[in-house]
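Chain residues, written in single-letter form:
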Amino acid sequence: EPEVTQTPSHQVTQMGQEVILRCVPISNHLYFYWYRQILGQKVEFLVSFYNNEISEKSEIFDDQFSVERPDGSNFTLKIRSTKLEDSAMYFCASSEMGYTAQYFGPGTRLLVL
Amino acid sequence: KQEVTQIPAALSVPEGENLVLNCSFTDSAIYNLQWFRQDPGKGLTSLLLIQSSQREQTSGRLNASLDKSSGRSTLYIAASQPGDSATYLCAVNKDDKIIFGKGTRLHILP
Numbered sequence: 001e002p003e004v005t006q007t008p009s010h011q012v013t014q015m016g017q018e019v020i021l022r023c024v025p026i027s028n029h030l031y032f033y034w035y036r037q038i039l040g041q042k043v044e045f046l047v048s049f050y051n052n053e054i055s056e057k058s059e060i061f062d063d064q065f066s067v068e069r070p071d072g073s074n075f076t077l078k079i080r081s082t083k084l085e086d087s088a089m090y091f092c093a094s095s096e097m098g099y100t101a102q103y104f105g106p107g108t109r110l111l112v113l
Numbered sequence: 001k002q003e004v005t006q007i008p009a010a011l012s013v014p015e016g017e018n019l020v021l022n023c024s025f026t027d028s029a030i031y032n033l034q035w036f037r038q039d040p041g042k043g044l045t046s047l048l049l050i051q052s053s054q055r056e057q058t059s060g061r062l063n064a065s066l067d068k069s070s071g072r073s074t075l076y077i078a079a080s081q082p083g084d085s086a087t088y089l090c091a092v093n094k095d096d097k098i099i100f101g102k103g104t105r106l107h108i109l110p
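Protein chains in written order, with this note's numbering: chain C, 1 to 113; chain S, 1 to 110.
It is possible that some hints are incorrect.
Unchecked claim - Listed below are several chain C residues computed to face chain S (Cβ distance under 8 Å; list not exhaustive):
| hint | residue |
| --- | --- |
| 1 | K42 |
| 2 | S55 |
| 3 | Y99 |
| 4 | Q102 |
What the hints assert, rightly or not - Distance condition first, Cα-Cα at most 30 Å in a straight line; then the derived BS3-like pairs of lysine-lysine:
| hint | chain 1 | residue 1 | chain 2 | residue 2 |
| --- | --- | --- | --- | --- |
| 5 | S | K68 | C | K42 |
| 6 | C | K42 | S | K94 |
| 7 | S | K68 | C | K78 |
| 8 | S | K102 | S | K1 |
| 9 | S | K42 | S | K94 |
Source of the hints: derived by calculation from the structure; they are not laboratory data. Heads up, the beta-carbon is just placed ideally off N, CA and C, and yes, glycines get one too.
Make a model of the complete structure from these sequences and hints.
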């Protein structure tokens, strides 16, 4: 069964460093998403991406964040200058259409020191 | 602003019992509602999706209902097993994003 994959599974970085989280969505899906979950808190929406542009973003997704689909298979989330409060589990998801089921990857656990 | 609430926050039941998890949402204009399962430190597994035009969906021992007008959904788990122990998340989809509840942490006692 097709699944969303994410790399790396864990990343430790120093405050102020740039990180890039990578995702490979399910191949026939057209919508891509990033969510995050701070330890012990609810899963929060960050951004949705369709047709090579952002279709929706939350207040969390400020100028420090960016997303890109550099080729036909990868979808990336970049954090330009990480802060301590960026430490969280980051989930990538994809769906065929905006109103269909979203399928989540296993997540990248980011720790900012 | 859409808010999703799940009750109870935690639940412990003996193995074999049937149980109901509740979810409520404030804005009924949704595309669909999804129930997910999350094991500790792990990702999200989609269990059931109910489109806004549907009333319920079933998968094995799981049954989810949706009453969009009242902003409520329930997840019914029949004949619970220890392997069902996990956090169950309710999530509503609108405008290309999912809004999650905080989840119900379920513990099935052997």
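Okay, the hints, checked on the actual structure:
For the restraint placing K42/C at the interface with chain S, the shortest Cβ-Cβ distance is roughly 5 Å, inside the 8 Å limit, so the hint holds. At a threshold of 8 Å, the smallest CB-CB gap from S55/C to chain S is about 5 Å, leaving the interface hint in force. At about 4 Å, the closest approach between the beta carbon of Y99/C and any beta carbon in chain S falls short of 8 Å, and the interface hint on this residue holds. The beta carbon of Q102/C is positioned within 8 Å of a beta carbon in chain S (closest approach about 6 Å), and the interface hint is therefore held.
Taking the CA atoms of K68/S and K42/C, the gap is about 22 Å. The hint holds against a cut of 30 Å. With a C-alpha separation of about 18 Å, the suggested pairing of K42/C with K94/S holds against the 30 Å cut-off. Distance hint between K68/S and K78/C is unfulfilled; the C-alpha atoms sit about 37 Å from each other, more than 30 Å. Annotation: proposed proximity of K102/S to K1/S holds, straight-line Cα distance about 16 Å (limit 30 Å).
For the hint linking K42/S to K94/S, the alpha-carbon distance of about 25 Å falls within 30 Å, and the restraint holds.
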